[in-house]
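Dock chain one against chain two, each of which comes alone in its own frame, and use the hints as you go.
If you read the protein sequences in the order shown, they are chains A and B.
Quick note: the first sequence uses my numbering, first residue 1, plus one each step.
Quick note: the second sequence uses my numbering, first residue 1, plus one each step.
There is no bait here: all hints are sound.
Subject to a maximum C-alpha distance of 27 Å in a straight line, what follows is the list of computed DSSO-like cross-link-like pairs (lysine-lysine):
{"no.": "1", "chain 1": "A", "residue 1": "241", "chain 2": "B", "residue 2": "76"}
{"no.": "2", "chain 1": "B", "residue 1": "80", "chain 2": "A", "residue 2": "374"}
{"no.": "3", "chain 1": "A", "residue 1": "374", "chain 2": "B", "residue 2": "76"}
{"no.": "4", "chain 1": "A", "residue 1": "457", "chain 2": "A", "residue 2": "250"}
{"no.": "5", "chain 1": "B", "residue 1": "264", "chain 2": "A", "residue 2": "374"}
{"no.": "6", "chain 1": "A", "residue 1": "327", "chain 2": "B", "residue 2": "130"}
{"no.": "7", "chain 1": "B", "residue 1": "80", "chain 2": "A", "residue 2": "327"}
Examples of chain B residues lying across from chain A (beta carbon under 10 Å, computed):
{"no.": "8", "residue": "85"}
{"no.": "9", "residue": "88"}
{"no.": "10", "residue": "273"}
Label pairs and their computed distance ranges (CB to CB):
{"no.": "11", "chain 1": "A", "residue 1": "354", "chain 2": "B", "residue 2": "241", "range": "45 to 53 Å"}
{"no.": "12", "chain 1": "B", "residue 1": "239", "chain 2": "A", "residue 2": "365", "range": "37 to 45 Å"}
{"no.": "13", "chain 1": "A", "residue 1": "354", "chain 2": "B", "residue 2": "262", "range": "21 to 29 Å"}
{"no.": "14", "chain 1": "B", "residue 1": "300", "chain 2": "A", "residue 2": "365", "range": "43 to 51 Å"}
{"no.": "15", "chain 1": "A", "residue 1": "477", "chain 2": "B", "residue 2": "32", "range": "53 to 61 Å"}
{"no.": "16", "chain 1": "B", "residue 1": "139", "chain 2": "A", "residue 2": "2", "range": "54 to 62 Å"}
{"no.": "17", "chain 1": "A", "residue 1": "367", "chain 2": "B", "residue 2": "261", "range": "18 to 26 Å"}
Everything labelled a hint here was simulated from the structure, so no lab data went into it.
Every residue, glycine too, gets a C-beta built ideally from N, C-alpha and C.
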Amino acid sequence: MDLIRTRIRDLRKALDSKEISAVELCGEYFKRIEAVDKDLLSYITVTKDEAMRSAENAQKLIDEGKSSALTGIPLAIKDNICIDGVRTTCASRMLENFIPPYNATVIEKLNAQGYVLLGRTSMDEFAMGGSNQTSAFAKTKNPYDLERVPGGSSGGSAAAVSASLAPAALGSDTGGSIRQPSSFCGVTGIKPTYGRVSRYGLVAFASSLDQIGPICNDTRDCAVILNAICGHDRHDATSAKAEVPDFTEKLGQPIKGMKIALPKEFYAEGVDEAVKDAVMNAAHELEKQGAVLVECSMPGLKYAIPAYYLIACAEAASNLSRFDGIKYGFRGEGRTFEELIRDSRSRGFGEEVKRRILLGNYALSSGYYDAYYKKALALKQEIIRQYNRIFEQADVILTPTAPTPAYKIGSQDSDPVKMYQADICTVTVNIAKLPGVSTTCGYTESGLPIGMSIIGKRFDETTILQCADAFEQGFVPVAPKL
Amino acid sequence: MSAYFPTMGLEIHAELLTKSKVFCTCSAEFGGTPNSRCCPVCSGLPGTLPVLNQKAVEYIIKAGYVMNCDISRFTKWDRKNYFYPDLPKAYQISQMPRPVCLSGTVNINAGGEDKIIRINRIHLEEDAGKLVHDDVNRVSLADYNRCGVPLIEIVTEPDFHSADEVIAFIEKIKLLLQYAGICDCKMEQGSIRCDVNISIAPKGSDELGTRTELKNLNSLKAIARAIEVEIERQEELLENGERVIQQTRRFNEQLGETTAMRSKEDAHDYRYFPDPDIPPIIFTEEELEEIKSSIPELPEQRVARYVDEYGIKKADADIIVGDKRVCDFFDAAITVYNNPKAIANYIIGELMRRINLGEADMDALKFGGAEFAQLVEYMQTDKISQANAKTILREMIENGGTPKEIADRDDLWIKEDNDLLAKVVDEIIANNPKPVEQYKNGDQKVFGFFMGQANKALKGAASPKAIQEYIRKKLSE
Chain A
1 MDLIRTRIRD LRKALDSKEI SAVELCGEYF KRIEAVDKDL LSYITVTKDE
51 AMRSAENAQK LIDEGKSSAL TGIPLAIKDN ICIDGVRTTC ASRMLENFIP
101 PYNATVIEKL NAQGYVLLGR TSMDEFAMGG SNQTSAFAKT KNPYDLERVP
151 GGSSGGSAAA VSASLAPAAL GSDTGGSIRQ PSSFCGVTGI KPTYGRVSRY
201 GLVAFASSLD QIGPICNDTR DCAVILNAIC GHDRHDATSA KAEVPDFTEK
251 LGQPIKGMKI ALPKEFYAEG VDEAVKDAVM NAAHELEKQG AVLVECSMPG
301 LKYAIPAYYL IACAEAASNL SRFDGIKYGF RGEGRTFEEL IRDSRSRGFG
351 EEVKRRILLG NYALSSGYYD AYYKKALALK QEIIRQYNRI FEQADVILTP
401 TAPTPAYKIG SQDSDPVKMY QADICTVTVN IAKLPGVSTT CGYTESGLPI
451 GMSIIGKRFD ETTILQCADA FEQGFVPVAP KL
Chain B
1 MSAYFPTMGL EIHAELLTKS KVFCTCSAEF GGTPNSRCCP VCSGLPGTLP
51 VLNQKAVEYI IKAGYVMNCD ISRFTKWDRK NYFYPDLPKA YQISQMPRPV
101 CLSGTVNINA GGEDKIIRIN RIHLEEDAGK LVHDDVNRVS LADYNRCGVP
151 LIEIVTEPDF HSADEVIAFI EKIKLLLQYA GICDCKMEQG SIRCDVNISI
201 APKGSDELGT RTELKNLNSL KAIARAIEVE IERQEELLEN GERVIQQTRR
251 FNEQLGETTA MRSKEDAHDY RYFPDPDIPP IIFTEEELEE IKSSIPELPE
301 QRVARYVDEY GIKKADADII VGDKRVCDFF DAAITVYNNP KAIANYIIGE
351 LMRRINLGEA DMDALKFGGA EFAQLVEYMQ TDKISQANAK TILREMIENG
401 GTPKEIADRD DLWIKEDNDL LAKVVDEIIA NNPKPVEQYK NGDQKVFGFF
451 MGQANKALKG AASPKAIQEY IRKKLSE
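Only chain B is shown next, with the shape it has when bound in the complex (with noise of 0.2 Å):
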């Protein structure tokens, strides 16, 4: 057991779902050819003025209610001046002393305990451009695509102890923000980063340790790797009798090290002053309310009504809301299938499954809610069997196209052909003498084998419930 317990502090950044950018009309779309998505204003040419988009604010306010902060009802923005080329302004429009959001909390569940994370503040800026660096001919080349692409920055109080809650407390972000509609949190495209704050003191220590920043952590599993490293650095550092230096670091991946960037000496001085351009706002309760009343349903409100009217079992309900890809997929698909229950199962037993096994991709389904329904529908309705049900969600998975086609192309729907049913049935009794008996002396278990074997030889041409009555009777007789 180590002497010593880590505290932590998160740094997000959150780009919004605006269609356009910040202070401009440019599309905030990811990608682009390069400087494709950029105009006079975010590129910063002289002259060029910013005017805020008001959808930003809205979102930013939403994130705010989202995390139960309260909201300023006098908010301004600062520049944070700094010369670096991927911002073309040499500032950033950001803020400073009054964020739109101040003093809120997140509820996390880490390794079965629940405990409630403090937010120290959320406030809107916007985002830098791209530098991409040629290292064969020697240049840098930079991409305005991204500059004023609205992000929030939502800073925690140290309140993390391990790098499970910090996990926990990031996945718990991405779902609220993807709900609300902020945000889509995909780490991959940098639409939502993380920087964390670490510092280690020793066990029953009032005062924290001197703290480094862990930045460029590009994934849950960077981040929870790059905390593991850091606190095995700083303990080391402690337990040779040196001390941690205030410092940013940078994460590794292939290596599996943190390595310095800055240290606390070369910070820059940031010079923030209130922006002139961009008059400060105040918001009413009206407008404050309007917003609140515009936020869609909460993942926990989500479980608790997929428990409630639909009578889906609460963990599966978490399965299904905490990802919102599926929580999509199976909204639409209730609403052509209102058999909420048995979709619920399907897709946990049967589509999860495959794409954990990496069969299937939910960002590359290449069926819908809708089709995946129909499916669960005539497997319900008896008119295609359980094994058959599996080769067409198979061919979906591979090919697309919908159950109907697949069924009719492949001719996999059960037929209620009586005749080929007494055909198959009265073979196997005939052939298998010896499991009559048993069945007969009163050995219930030897039905399954009659079942079993019917339902081999008749790949799904009968329903079940048909196969069962008429072994039933035959066997009765």
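The shape of chain A in the complex, shown without the other chains (with noise of 0.2 Å):
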């Protein structure tokens, strides 16, 4: 079978009309993920053993003829989402050898459709970051172009959904690492609203900003995988009650008549030329099918990237103190807890991650919480405002992704406030709480795919996908060359 960018619902069709069965179709992936991800380096841990197993049971239930959505279909899980009994590192030498105990309710849902775990795809460590350069397992690369970054954090899903080692992979996203890597990798994902998805099980890096989400080969299979994680969980008291309709519904409708928003702050400078046309280039697509282009701005924009480091540190600084070498993963030495712990976290560590636990740890010392933090919060206030004013006149906004394609590995590492920069366009959705889809819109004379996002009001997912959608009709993707 061809698995070159087949996407869930073909694979559907060939399970249920027992074209191919749910292990040939695994043991498939298994084939390629070998021939390939030694150059790609997309995954840290590959369940073979495991996903054969599921893949019998999973036949079991088409034999049946009670096969859902899900039934069946190989998928990649980041390796920050917990599974029990099988390793979870979140890239980090901390997590090295950590096996959870329990399933994250995320996986809870998909093994209640009886999906197949290909394996854990790589990410930057504990999330913190956007090149996938920062994992201390698997440094992946872009599927376009070997020498350049996939993005991140969830540049392993990304990059393994583009380059056909899985028809579609759950990321995680705290300020663009579900958007971001699938910006870079071609591909299409979706951060849902906050409180969707049940983050229990999820490794916390900023909880008031975390949520996960699905990378796939075109929209409606991200509302085919949105159908099955989203809910209210009694295990997350973030997650919301909100009602979950069916994330297929508007998938195909005529988007004449909606309204996008393109606040210029987000095409300014400092946004590539190239990106700027592909995104305005979709904009005119979408005005060509009856959307309504609205012009308006965001000042606020310019406070984003200090706000949303501010609080994501402060967080994290919080939730990462628990690796302490005390209970679980990585062990230093020491003769007393404080030079035993000392030791595990210096070396159980990453730079980047260290950095961003002592720039946490900073914004909240007493006496400069005030000047800090609570200043971060202020600003989350402002910048929630003005997209509820954008809102007022807008049904949807469109965005670039990132700023530029992918680049160059390494090219970046020396200075970090301007890879934190890179965040721009996506960290305010996630301060905000908002809903907000990635998809291809153009490619680069060297071939870099370039993403657009569409940002929606909170819970309405199905007219950001609808918008996407819509745009995605009437777009033809190049697959990677791999």
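Right under this line is the structure:
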């Protein structure tokens, strides 16, 4: 079977019509992983034995005519989502040998449908980074150019889907970690509204911003996975009790009259001309389909990066404190508790993680709290107000997903602040708890994908999916040659 | 007389009586095999999330009401960050700027004087685990069973000026929490713990001195002693022209001294910030009203009821209500035999006497209020003599059993056997002509002598009333 950019719905047909069995299907993917991933490095752990067992179980369901949307569908899961009995490393030496004794809620939900786990995809260590180069185990490459980064932090998931080493994957997004790698790797990824998907079992980076979401070949597949993983969870007090729609319900509906806002700050200096052009072309394409483009402004964007990094690092500093070498994970040496914990954390964490822990603890220190953390919370409120104002006159917002296409590995390492600035287009969506989908809208002259983001009102994923899908229907994606 | 006066404030931690822990469904019960009562959530595994136990919230609101606090309509939780091996998340979920309860008052009586102690705040937080240090193998072991047990922290204003006031307050708080069903207040199990902030200042001074915080106080006795010792220490420092350093001090009960644990300079920066995993709570008036109305009768109301409805003396009611276990026992007894006065008298006069003597332990009684009530009833209705009742109570304390079983087995019933009575009394009168003579000459006092002799000989086989009547009849013949 041809796996290249094969969509979930194509696989569903093939499985249900017995064109291929679930076991054969995941065997095909493992063959491709073996052939390609030694260069791409998208997986940290490949779970062949477990996969074969669950594929057999899935096949039984299919044979009994009891299959649901994801029965027998192989998926890759980012390595920060806990799976009972399967090593979950967060791409950190700290958790190199950590095997959770429990399942994340999303995994329980996927299991209920009989999905097949292909493996654990690489990421930036503890989801901190936008390049996958902070991974302690697999510094994933970009499938379109192995000298370039795949984006991050869900770079392994995006690269695996892009290179057809999985038909779809789960990622997590704290400041763009699903959308930016989707954009760099030429696939489609959605960060749902905060609270849509349970965070239970997602190793926390920044609890008020983290959200799990799918990375797929197109918007329609994203909708299928959202249908499986969304909903209130009693294990997560921040998961929303909002009604869960059928996320496919608006797909294919005309977008005539849909108001699309283009906040000018997202198209300002610092954004590559090629990116601007591609996104604007897409905007006009949507306009041709009857959408109405609305010019608007988000002056608060210039504060977004400091506000985001203060909040995210403060929460991360606290969330990552539990890794002390006492209970699980990497254990250093020392005669006293203080020595042991210092050594464990000094050697267990990588540079970027330590930088953010220091930054976060500094921002929360007595005497600095008001100047930094409290101010960041005030900025968060302001950004929310500015989004609300835009949504008074528009249904969705269209922006580039990242200021540039995928960059060369190593080219941004020297200046962390500059690297943080590259998150400018995505972080406000997390701050305001909004849903955002990134899909490919063009390619550079050298063939690198360019992504655009469509941002919606809280809990209005169906409209952004409708809009992204409307664009995709007239767009021909190009798969990487791997 | 000392030239200084002390000022103290308390921080009391009380574990709530909820069945499950505050952020997961593990049992919150005391003890258990180490690490048998924990799950991924309370042992802080990566990816797990806390979900607030609504019962714990209900309990702290009740605590607020019984201490006359203002209940915040908006409350939220914060993270208190510090590293310690007994704290698996490396932060404690607590409350900083928005505690559930603010500014309350509690009335106490210390040394006969009534006083109002002001409560600064009460907040809800999670307990930490326990470390066991194995000095032989030179390792420390962590037990997470206690991790996540719900705690309330009661912070008072610095309103105490003597150890007596502190003890009276803690005793009052214990009663309030026990009667409201909030905490069992077992100091020896650590379900209620108290830290004392203490400073001294020259008499007449308006300013407070530098304070120290006393920890590791495991009993009321230890608290009283530690306060005494620390006041002496601070006085000595000031007398010698030295100054008190702001620090945390541990009380060593064996040595009877306090030693420095850490000074202000080593104090942690806890980096408090709002916990993003737990949404704030907004209470409606209806919710608060419902919780308020579910608070059971409190000690003061109960004393008043016992006096008004049952006609029990105030001093006796105070004694019974002063120990929740005794009070529960009393309530159980009067449902079986509705004679509250007689039961109260026998509890105070006999049961508590033996408990005070150390013959029995209220926590491990082998019988309940119902059995005790039967015994009192038998006595009141002349089925068992007072002397035999005491014998039966001793047997019940030692081996358990019901009064009926014991009386049957040991033949302790009053038999109303007139022939036996006549025989015994006739014999006593025949053998004691002199007292008979005295009685007939108008000396009423010797009547007691005949009663005593008859009681002794009859061993409870006849009722005092029957004996009395028969003796009187015989002596007037």
